[in-house]
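These protein sequences, in sequence, are chains U and X. My numbering puts the first sequence at residues 65 to 501. My numbering puts the second sequence at residues 158 to 474.
Just so you know, these hints were derived from the structure itself, not from any lab. Don't take each hint at face value.
[To be verified] Derived coverage of chain X by chain U (criterion: at least 3 residues anywhere in the stretch with Cβ under 8 Å from a Cβ of chain U; other residues may be distant):
(1) 162–168
(2) 173–183
(3) 275–289
(4) 459–467
[What the hints assert, rightly or not] Once the Cα atoms are required to be at most 20 Å apart in a straight line, the calculated PhoX-like pairs of lysine-lysine come out as:
(5) LYS94(U) <-> LYS317(U)
(6) LYS315(U) <-> LYS465(X)
(7) LYS148(U) <-> LYS177(U)
(8) LYS465(X) <-> LYS461(U)
(9) LYS417(X) <-> LYS461(U)
(10) LYS123(U) <-> LYS177(U)
(11) LYS317(U) <-> LYS465(X)
We put the beta carbon where it would ideally sit given N, CA and C, even for glycine.
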Amino acid sequence: MARTFVGGVHPPYRKDKTCFLPIERLSAPKTVVIPLLQHIGGINAPLVAVGERVLFGQKIGDSDAPIACPVHASVSGRVIALEKRGHPNGREVLSLVIENDYADEVHPSVEPKNMDDMSPADLLQWIREAGMVGMGGGGFPTHAKLTPPAGVTLDAVLLNGAECEPYLTTDHRVMVEWAEDVVLGLRCLMKVTGVKQGYIGVEVNKQDALAKLRGAVAAARDIQIVPLAVKYPQGAEQQLIQACLNRRVPKGKRPVHIGVVVNNVHTAQAIAHSLHTGLPCVERVVTVDGAAVERPGNVLVRIGTSFADILAERGLASEPYKLLSGGPMMGIAMHTPAVPVCKCTSGILALSRAESPATEAMTCVRCARCIDVCPMLIYPTLIAQYGERGRTEEAEKYGALECHECGACTYVCPSHIPLVQWIRLAKSDIYARRNRG
Amino acid sequence: MEIKKLAVSSSPHLHSQNSVRRAMLWVLAALAPASLFAVYYYGFYVLVLLVAGPVAAVASEALILRLRRKPITAAFDGSAAVTGLLLALNVPAGASWWLVVMGALLAIGIGKQVFGGIGHNPFNPALAARAILVVSWPERMTRWVGPGLVSSATPLAEYRAGNLVPSHFDLFFGFRPGSLGEMSVFLLLVGGITLICLEIIDWKIPVSFIGTVAFLTWVLPREGQTAFFAGDPIFHVLSGGLILGAFFMATDWTTSPITKRGRIVMGVGAGIITAIIRLYGGLPEGVTFAILIMNACTPLIDRYTLGKSYGSVRGAA
Chain U
65 MARTFVGGVH PPYRKDKTCF LPIERLSAPK TVVIPLLQHI GGINAPLVAV GERVLFGQKI
125 GDSDAPIACP VHASVSGRVI ALEKRGHPNG REVLSLVIEN DYADEVHPSV EPKNMDDMSP
185 ADLLQWIREA GMVGMGGGGF PTHAKLTPPA GVTLDAVLLN GAECEPYLTT DHRVMVEWAE
245 DVVLGLRCLM KVTGVKQGYI GVEVNKQDAL AKLRGAVAAA RDIQIVPLAV KYPQGAEQQL
305 IQACLNRRVP KGKRPVHIGV VVNNVHTAQA IAHSLHTGLP CVERVVTVDG AAVERPGNVL
365 VRIGTSFADI LAERGLASEP YKLLSGGPMM GIAMHTPAVP VCKCTSGILA LSRAESPATE
425 AMTCVRCARC IDVCPMLIYP TLIAQYGERG RTEEAEKYGA LECHECGACT YVCPSHIPLV
485 QWIRLAKSDI YARRNRG
Chain X
158 MEIKKLAVSS SPHLHSQNSV RRAMLWVLAA LAPASLFAVY YYGFYVLVLL VAGPVAAVAS
218 EALILRLRRK PITAAFDGSA AVTGLLLALN VPAGASWWLV VMGALLAIGI GKQVFGGIGH
278 NPFNPALAAR AILVVSWPER MTRWVGPGLV SSATPLAEYR AGNLVPSHFD LFFGFRPGSL
338 GEMSVFLLLV GGITLICLEI IDWKIPVSFI GTVAFLTWVL PREGQTAFFA GDPIFHVLSG
398 GLILGAFFMA TDWTTSPITK RGRIVMGVGA GIITAIIRLY GGLPEGVTFA ILIMNACTPL
458 IDRYTLGKSY GSVRGAA
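All chains, full assembly: derive it from the sequences and hints.
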């Protein structure tokens, strides 16, 4: 019996065009743009200067901030610029631009590791140095998730293979093709945290991934494969924890506060790959899909490859109406294809107008569908209405700060009200008031 | 292919096929079988009433929106048509066509548009109008007739008077006098359950409403009697406007609570009021006033039935 959470919606999958296609490796582009911020936390300072030659896998940005994670050169070549560039988060971020010399000359620091020879502390340090972040889209530095606050004992490591966003099949292909690495990455995370029980949650629409993972785990008892019901947002951290462990994360807290570490399956695979090769996080798999894309598929690309390069390789059948970084439920609409793939870019969707029609907002009719589907059990329509009028106290009372912006409410709203947009506004107003306060 | 212009908006970028119009068309469809049964039972004349209601409601809404200088497209979102049909289903077969037209105008004008239109009305517009009609034209609103428009009395009135009432079978399938829409419990259930399955209405209101009426009419002695646990709950559930009211009017989006627990409170409250009016009140039927009273309580119910959020667990910050 597949497990699940309370609330949620059933958007169309739209995964059929890419979920059976093997991952294709794209050749490295002529230039890569490495944003100095590819995680949640403090921005890195550049460690190299313009004009300097950098090597493949070399650390080129780092920070002393407690929640931060270094970035690395994904090609060898010359740094030709240090400037603000478009970022898939929708803003402009200070980035290093590297001109590829196609030598792929590897940095001397890159050498394969053996997990069994390393202490948990060494492994933790390596995960940080390798620049590991949540590759499902969150981008939280992995090493920072693995250190429990004082007084908390970690007891579960969860891998998130739900991949509930429509279109995206990145994690699906990673699990099917690299199941052993996913399991090895999980064992590495378990060793670092000293946790005895690992879980991998996968929605039951990915039977081939479930089978491969079961095969990779074989008879081992320390890892449990958890089939999850197909429902959005099954892959949201809180909902995954509720489904797999029947626990809830208190508001204002993170999973680590209740002894749980959640990581994306692609992150686990990247850690394992990094141990095998010694290379830090310099590449990732991205789903490229949407009606405007000629050849949809999953591509393995160097971090810093621009959306434009990838779309040129895949071909455009028509001019896209929207270009998204990430999935259609939580992804960010780009205003230009001149943005690089970051560590947490799970998808590039070039959608036609028919796939993502614009809708006109009408009055709330109090149908309460938004409340019924909200996985955080808060009051989207009330937050939106108070937020719209700048009444932050009421917006907070009805749960604004618990919203993780999954978009289920907006998806079902029969009046087409952009609820998530208003809730985001309410949240930023609440934080602004606190900071003044 | 060059990318020249990209649309930018806040996520999510997908939307379900949900819309107010789609939901309202489903409500109309769900009411269709019961409406057609009334035409079959009473004759062709009631078709005039059933068409006059929605047409007059849509026309009134368009007119008032025009006067308010608002886009009149809102008149065609289906909600006015549903209000008009519900109103027509709430009059007896002996009613005059102008009574229905007057009711539709009152429903849209006084019941809905004076408050600002869709989403803002505190009372179910069709029931508010019905209440005004009952008070203004009490004789015309109780002109109960049988098939062929022969004068008759409703089962609840007969029950009141201590007379013989139709069998449960006749009540369930609709072979009895009553308002146009309260005839066939069977066909109303088909429509109501369809709406629940489509997630257009929530099961909590009809189930708690009907359950409460059944329980109380079973337990409580009717006026003039003393024996407890001697009532006929099945008769009460099957007669009058309970099924129509519980599935199609108490569940009105705008005028019912938005919290999950609040919907149970709404149903139980409406059930208590209905049972008390039926057993001890001055009227044979109490569904209309029960729902209107609970509509008035809706903001208060919402306020006191807020549920706990996902993160409201022990150890919360």
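These are the hints, each one checked on the structure:
1. 162–168: n = 7 at 8 Å, threshold three: holds.
2. 173–183: holds (count 6)
3. 275–289: holds (count 3)
4. 459–467: Satisfied; 5 residues make the cut.
5. LYS94(U) <-> LYS317(U): 43 Å, violated
6. LYS315(U) <-> LYS465(X): 11 Å, holds
7. LYS148(U) <-> LYS177(U): 35 Å, violated
8. LYS465(X) <-> LYS461(U): Holds - the C-alpha atoms of LYS461(U) and LYS465(X) are around 11 Å apart, at most 20 Å.
9. LYS417(X) <-> LYS461(U): 17 Å, holds
10. LYS123(U) <-> LYS177(U): 17 Å, holds
11. LYS317(U) <-> LYS465(X): 16 Å, holds
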